[in-house]
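Visitor: Chains as they are written, first to last, in UniProt numbering: chain A, 1 to 258; chain B, 1 to 374.
Think of the hints as simulated: they come from the structure by calculation, not from any bench.
Every residue gets a Cβ at the ideal spot worked out from N, C-alpha and C, and that includes glycine.
Treat the hints with care, as some may be off.
[To be verified] Interface residues of chain B toward chain A, partial, derived using beta-carbon atoms under 10 Å:
id : residue
1  : Asp33
2  : Pro36
3  : Ala63
4  : Gly64
5  : Leu101
6  : Pro105
7  : Arg108
8  : Thr338
9  : Gly339
10 : Ala340
[Stated by the list, open to error] Pulled from the structure, derived: some chain A residues nowhere near chain B, Cβ distances all over 10 Å:
id : residue
11 : Asp16
12 : Arg29
13 : Ala65
[To be verified] Derived coverage of chain B by chain A (criterion: at least 3 residues anywhere in the stretch with Cβ under 8 Å from a Cβ of chain A; other residues may be distant):
id : region
14 : 66 to 80
15 : 91 to 99
16 : 298 to 304
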Amino acid sequence: MPVDPSKNDPVIQVRDLTLGFGGRPLLERLNFQVQAGEVFVLLGGSGSGKSTLLKHMIGLYEPMAGEVRIGGEVLTGSEGAARRRILRRFGVTYQSGALFGSMTLLENVRLPLEAYTRLSREAMDLVARLNLQLVGLAGFEHHMPAEISGGMQKRAAIARAMALDPGILFLDEPSAGLDPVTSADLDRLILRLKDILGMTFVVVTHELPSIFAIADRVIMLDRESRGIIAQGPPVQLRDHAEHPWVRRFFNREATEAA
Amino acid sequence: MQQQEGYLETAATGEGGCTLRLGGRLDAYTVADLWPRALQVLEDHGQTPLQLDAEGVTYCDGAGVALILDLLRRPRTAPVTLVNVPDKVQRLLAPFDAAALAAPPPPRAPRQGVGRRLGEAIQGLGQGLHAQVAFIGETTAALVHALLHPRQVRWADAILIARRAGADALPIVGLIALLLGVILAFQSAVAMKQFGAEIFVANLVALSLLRELGPLMTAILLAGRSASAFAAEIGTMKVNEELDALTTMGLDPLRFLVVTRILAAVLVTPLLTLFADLVGLAGAALVLLTFDIPLVTFVNQVSQSVSLTDLAGGLVKAVVFGLLVAGVGCLRGLQTRTGAAAVGESTTRAVVSAIVLIVAVDGLFAVIYFHLGI
Numbered sequence: 001m002p003v004d005p006s007k008n009d010p011v012i013q014v015r016d017l018t019l020g021f022g023g024r025p026l027l028e029r030l031n032f033q034v035q036a037g038e039v040f041v042l043l044g045g046s047g048s049g050k051s052t053l054l055k056h057m058i059g060l061y062e063p064m065a066g067e068v069r070i071g072g073e074v075l076t077g078s079e080g081a082a083r084r085r086i087l088r089r090f091g092v093t094y095q096s097g098a099l100f101g102s103m104t105l106l107e108n109v110r111l112p113l114e115a116y117t118r119l120s121r122e123a124m125d126l127v128a129r130l131n132l133q134l135v136g137l138a139g140f141e142h143h144m145p146a147e148i149s150g151g152m153q154k155r156a157a158i159a160r161a162m163a164l165d166p167g168i169l170f171l172d173e174p175s176a177g178l179d180p181v182t183s184a185d186l187d188r189l190i191l192r193l194k195d196i197l198g199m200t201f202v203v204v205t206h207e208l209p210s211i212f213a214i215a216d217r218v219i220m221l222d223r224e225s226r227g228i229i230a231q232g233p234p235v236q237l238r239d240h241a242e243h244p245w246v247r248r249f250f251n252r253e254a255t256e257a258a
Numbered sequence: 001m002q003q004q005e006g007y008l009e010t011a012a013t014g015e016g017g018c019t020l021r022l023g024g025r026l027d028a029y030t031v032a033d034l035w036p037r038a039l040q041v042l043e044d045h046g047q048t049p050l051q052l053d054a055e056g057v058t059y060c061d062g063a064g065v066a067l068i069l070d071l072l073r074r075p076r077t078a079p080v081t082l083v084n085v086p087d088k089v090q091r092l093l094a095p096f097d098a099a100a101l102a103a104p105p106p107p108r109a110p111r112q113g114v115g116r117r118l119g120e121a122i123q124g125l126g127q128g129l130h131a132q133v134a135f136i137g138e139t140t141a142a143l144v145h146a147l148l149h150p151r152q153v154r155w156a157d158a159i160l161i162a163r164r165a166g167a168d169a170l171p172i173v174g175l176i177a178l179l180l181g182v183i184l185a186f187q188s189a190v191a192m193k194q195f196g197a198e199i200f201v202a203n204l205v206a207l208s209l210l211r212e213l214g215p216l217m218t219a220i221l222l223a224g225r226s227a228s229a230f231a232a233e234i235g236t237m238k239v240n241e242e243l244d245a246l247t248t249m250g251l252d253p254l255r256f257l258v259v260t261r262i263l264a265a266v267l268v269t270p271l272l273t274l275f276a277d278l279v280g281l282a283g284a285a286l287v288l289l290t291f292d293i294p295l296v297t298f299v300n301q302v303s304q305s306v307s308l309t310d311l312a313g314g315l316v317k318a319v320v321f322g323l324l325v326a327g328v329g330c331l332r333g334l335q336t337r338t339g340a341a342a343v344g345e346s347t348t349r350a351v352v353s354a355i356v357l358i359v360a361v362d363g364l365f366a367v368i369y370f371h372l373g374i
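Take the sequences, apply the hints, and build the full model.
Guide: What follows is the structure, encoded as structure tokens:
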């Protein structure tokens, strides 16, 4: 959550990244950068490797070749204290929210603070409450995850991912399973966090309304060519994309969405 | 990202006031040191107006905001005022309500009275009992239906479960039974040797293994291995809404999941018990060899001391134990609530209830067999 993110400064660099399973590449030689303070969306059809790419970008999987840099430091293959330092720079929310079911929302958000900082208990509680207030969950501090709705769980997961003020948030299908109104609320939250805190977002989503509402730039992945078939602002891709699949994706669904 | 420390300074202002200057980098790591020092300043100057000067802040994140808001929300006789706030910090502070943070967050639900909680506990107990009786009834009906219509039973599933619960359990059952036979034989042989009665160790071991320990130990092992597995499997299916999917497809989870497991357990428990009896006797025979009792003598002594009724009595028990273990495992699995912890809870409850039931029913069998003269 930097006060002054310097714009046009790449915070994530993906260089010659080849990823796959069992020796079979899924995506090959990917190169792209994510700038500070932008909302960057990963798009692609089912099975194109969006979520797998996201998991490589956050260091859960090791690539077959290439590297991922976060804030200029190489995450790929890093270990020990250096890796932990890089991991603190970003937060992740998963498709299901992945809140710990046996802890209250406050305890969920406090957990990373307990692990990484020397703050007093009272101070940690206050930081956790502020994060919950920021995502619109003030008053739900002592609720268990099972007691709140899916949309609220996603917002609580964002609050937990933000606990250490990471500067970068990775969101894996944040709108999945949410109604359009709740989904739009979540989009507004992302824009608000970007605006107030200058955070950078990397989002995997299929929802066209969401993409047009939040994305500064998108890249579209393709299973057959095992690479990026289009990149740029969503409106530009909708109106000027050369690849027929990209035009169909944006125009057909955009018509339905409208 | 430049590494910079946060700092805190105090300076006296005119009219007896004090200025607390916060500056540098305020993040979750640097504020850990500043926080107690700032609170100390607040306490030391409790009676005088305090200015909180944030001009020198170069970086501020949520923890920095929390520190500033914490200093502002503390109840004091003299006011704390925030001055010289950089625009960017002001934007961070804007969405938060310091007044709302002064009060503790509302509790989840007001605590209820003892009477109400006691009532709810009794009601819960009643509902649990009702569910168990209903489960026993429905399972019996499903089992009878399965016996009358054996072609409708998913035998492939049942055989797979029988393999996992039975054949795969052979090593552990064998190990425990061998140990049991060896220990029983050795401990009793040492005592009986004083009376020259080592030969009767064979009677003791054979009777206790065939009638009691064989079925009991096998059932307890099955409770630990398979009741827990059944509960975890069905519990996870419930959490993943797979049971709902079965129900909406018109497939009864009892017939689909429970009957196959009960049939498998009923099939394998007597077989495992028989195996445990044999291995236990082999262990005892080994020990008695060291007491100069040859194998032939041991076998003769065993065949004279136990009858087929003893063996059958033990196997009948094993069938009932198998029914209990599978039934309880499945029942606990079906009773699973939501969440990852719920599956663990069901598994624990399955093992504990199965063992308690096994012990209770074993006592019941002792009484019945006594009255039947078996």
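Visitor: Evaluate each hint against the coordinates.
Guide: Taking the hints in turn, this is what the structure says about them:
no. : hint       : verdict
1   : Asp33      : holds (8 Å)
2   : Pro36      : holds (7 Å)
3   : Ala63      : holds (5 Å)
4   : Gly64      : holds (9 Å)
5   : Leu101     : holds (6 Å)
6   : Pro105     : holds (4 Å)
7   : Arg108     : holds (4 Å)
8   : Thr338     : holds (5 Å)
9   : Gly339     : holds (4 Å)
10  : Ala340     : holds (5 Å)
11  : Asp16      : holds (25 Å)
12  : Arg29      : holds (29 Å)
13  : Ala65      : holds (28 Å)
14  : 66 to 80   : holds (count 4)
15  : 91 to 99   : holds (count 6)
16  : 298 to 304 : violated (count 0)
In this structure, the one hint that does not hold is number 16.
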